[in-house]
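Chemist: Sequence:
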Amino acid sequence: MASLTLAEAEQILAAAKAKVLAMGAKMSVSVVDPRGDLITMCRTDGASWRTPPISRGKAVAAACFGRPSGELTENAQSPVYRALMAMEGGHMVPGQGALPVYRNGELIGAVGGSGGTAQEDEDAARAGIEALGLSSSP
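Going by my numbering, the first residue of the sequence shown is number 68, and it counts up by one from there.
Since the hints were made in silico from the structure, they are not lab data.
Here the structure is a predicted model, which is why all the values come from computation and not from measurement.
Beta carbons: idealized from backbone N, C-alpha and C, even for Gly.
Treat the hints loosely; a few may be bogus.
[Claimed, not checked] Derived CB-CB ranges, DEER-like:
| # | residue 1 | residue 2 | range |
| --- | --- | --- | --- |
| 1 | Met90 | Ser204 | 20 to 26 angstroms |
| 2 | Asp112 | Leu199 | 31 to 37 angstroms |
| 3 | Asp112 | Glu173 | 32 to 38 angstroms |
| 4 | Asn171 | Ala74 | 14 to 20 angstroms |
| 5 | Ala74 | Ser145 | 35 to 41 angstroms |
| 6 | Pro146 | Met68 | 32 to 38 angstroms |
| 7 | Ala85 | Glu141 | 29 to 35 angstroms |
| 8 | Glu173 | Glu141 | 22 to 28 angstroms |
| 9 | Ala198 | Lys93 | 16 to 22 angstroms |
| 10 | Leu73 | Glu138 | 24 to 30 angstroms |
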């Protein structure tokens, strides 16, 4: 299974953090591999204590399904989603703010944000992905 390298994840994080600061938001951003395991994360000054696990949970959801986490919200109460959230120990958040990362049509990770509006969270993730010339769709 292909995955983001640490160097790539750090570049994504740097670009996402720059977007967060440009928006004037106080957020956390997480970058995970295709299984949802954390590669790197940051919490900007003033961001709430709860934003790191939420940013990771959104990224886990995007990685798990290979889709933007916001597309998962409608089905969040379905038995399958509830089972997956339970299996992940509550570390999967099917709410807007994370995007999968694809290279040449292959899922290689995901990026999630928390602390801004749902759109700001997603915009930070997108900025990080696009900075490397990667895609959030296959």
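Chemist: Which hints, by number, does the structure contradict?
Modeler: 2 and 6
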